[in-house]
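Novice: If you read the protein sequences in the order shown, they are chains R and A. Counted the way this note's numbering counts, the first sequence spans residues 1 to 317. Counted the way this note's numbering counts, the second sequence spans residues 1001 to 1322.
Worth double-checking, as some hints may not be accurate.
[Unchecked claim] Simulated pairs of lysine-lysine, BS3-like, Cα-Cα distance not exceeding 30 Å:
1. K1313/A <-> K189/R
2. K42/R <-> K1135/A
3. K91/R <-> K1263/A
4. K1135/A <-> K37/R
5. K37/R <-> K1079/A
6. K1033/A <-> K1079/A
7. K1164/A <-> K42/R
8. K1272/A <-> K91/R
9. K91/R <-> K1313/A
It should be emphasised that the hints constitute simulated quantities derived from the structure, not laboratory data. In this text the structure is predicted, and so the values were computed from the model without any measurement.
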Amino acid sequence: MRELTYLQALDEAVAEEMRRDERVITLATDFTGNPVKEFGPKRVRFSPISESALTGMGLGAATSGYRPIVNWRMVTFCFVAMDQIVNQASKIRYMFGGQADFPVTYRCSTGGGMGLAAQHSQSPYSMWMHLAGLKIILPATPADAKGLLKSAIRDNNPVVSFECSRLNGVSGPVPEGDHLVPLGVAEVKRSGSDVTVVALAFYVQESLAVAEALAGEGVSVEVVDPRTLVPLDVETLRASVRKTGRLVIVDEAPATCSAAAEIAAVVVEDAATFRALRAPVQRVCAAPVPVPYSPTLEQAALPDRERIAGAIRRTLS
Amino acid sequence: MQSETPDFVAMLEQMILIREFDERALELRKAGKIYGTVHPYVGQEAVAVGVCANLTPDDRVTSTHRGHGHCIAKGADVKRMMAELFGRVDGYCKGKGGSMHIADFSIGMLGANGIVGGGLPIATGAALAAQLDGKGRVAVCFFGDGAVSEGEFHEALNISGVWKLPIVFVCENNQYAANNAVAVQHPHVDLATHAAPYGMPGITVDGNDVLAVHEATRSAVGRARAGEGPTLMECKTYRWYFHAMRHAPPPETRPAAEIAQWKARDPIARFKTDLETRGLIDNATLAAIERRVATRLQEAVAFAEASPFPDPKDLLVDMYAG
């Protein structure tokens, strides 16, 4: 199978969906992949730096017969649009009693680890999980990036695609053609029997590397990638923990009210899964600081393979 | 309505219906029969009616927390509006929205919005859709003088101007944003001055003269339909009552003389006089209008009271589309 980078896979997803359905349009201050060349300036709109306007325009255009993709670019840029995200996008279908659908896709890049410092480094998807009303995808591989983004664009609800920037250059096999990954389905990326590691975004590949290393020590690690945060595939997570009895969650965000916190809660509040636990749940998360600039500090602030391995060993001791 | 000469008598009836609907909503709220807040539109009827008389169901509007008038003027069913205020299943939003989320998407009324400025980006998106459709449709955005202070106003006007979107921005300057007078909120109280920097004409209109509103809107909508881009219309008007009430009406803080001055320019009284002068109505017509409006409201309340409350088992319904 041919290999694409994560970013190429995302661009391919958008291009395929725009070819398939002329109602798909995209708005952003700038674009990767040069879609305006194929689709023209009516459907590919270079916009002023107006995230609030763009976010709401996505809703207005979506209810008026189009399927907009609004790209906030860096996730930190969309915070100025919190009214349109929280008070409008996440509530709009319900508060109007289901009168209309809003098939809009919001895209953004997340994560740190590249020296971009506090206001250009963040993994805030748990804030969106909390809202209800928004679906959320968090692809960790190029194939999942293509498949999930295509599904998101076809979903008739507002979906937010959090695209990990540290994965942009990572290559992987990507099926050609209409490759769709359904929302709400987690994937066991590596099968194992001693401990479940639920990993998010960049840390899926990091956890797989740790699993490979620990196999040499006789520890069998199962790595599960939720892929979609809302709706969360709770059953797959619980089934894995019932099998292994141990859970480590790796999330680039700080631990408080993180996706890791939510995953821990939904796993242990199930009676059968709780009874299967042989050790307390471990979370490997970022430090509770804005992501710092200097490499020594940034590395200290974010999860790494050593800490993932350490957490796994703690569940086994 | 698309005809060159609008149906003046129908417009008058619609203005009266809007006023009586909100007067009734205030009574119902005081009696505890409806919940939450009521933001009365009384006094501003000429704006909603004058603007919407230029629109078809294919044109889309967004509204504000003070949205009952826009909803009625756009053609909504007052029975379903009333049922929504009563929180019943036959309300437009199945009881899930209430007064501030009154909407009828089937006729292009994309909702009252509880956030000041919240509707501007949404209307701008509807305008983008209209531009892409290429069928001459327009979007209209209602907002108040308060929203002109919000970032969303500036973002929406800027992008509409640069993309020449088919949208009419209707600023209902009722002289107050909640309890703050327009002069303490803005360096220039003539808000139409915001238009030029955003690449569109700015018109100031007597918002209490329904025919002036109608005429100004006709030309703005005409520009938009012809692909000439957006317009900012500032309609100077006044709300007779307070910003909002919950259990009880709050004390009036505005000067009595100011209120009296604006009431003397009652848009409904002025229009009645105008139509009488033109020989289009007489006492009999007026009496018939008032009877019809009273009957419609009576039926609306009866419809609402007969509709059941939503079942809590339906709490999670309508979160997501299939």
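Novice: If a hint holds in the structure, say so; if it doesn't, say that too.
Specialist: Hints versus structure:
1. K1313/A <-> K189/R: Cα-Cα ~38 Å, so violated.
2. K42/R <-> K1135/A: 15 Å, holds
3. K91/R <-> K1263/A: Violated - the C-alpha atoms of K1263/A and K91/R are around 38 Å apart, more than 30 Å.
4. K1135/A <-> K37/R: 25 Å, holds
5. K37/R <-> K1079/A: With a Cα-Cα distance of about 51 Å, the restraint between K37/R and K1079/A is violated, given a limit of 30 Å.
6. K1033/A <-> K1079/A: Judged against 30 Å, a Cα distance of about 15 Å means the pair holds.
7. K1164/A <-> K42/R: At roughly 12 Å apart (the allowed maximum being 30 Å), K42/R and K1164/A satisfy the hint.
8. K1272/A <-> K91/R: Violated, at about 41 Å.
9. K91/R <-> K1313/A: Holds. K91/R to K1313/A sits at ~19 Å (cutoff 30 Å).
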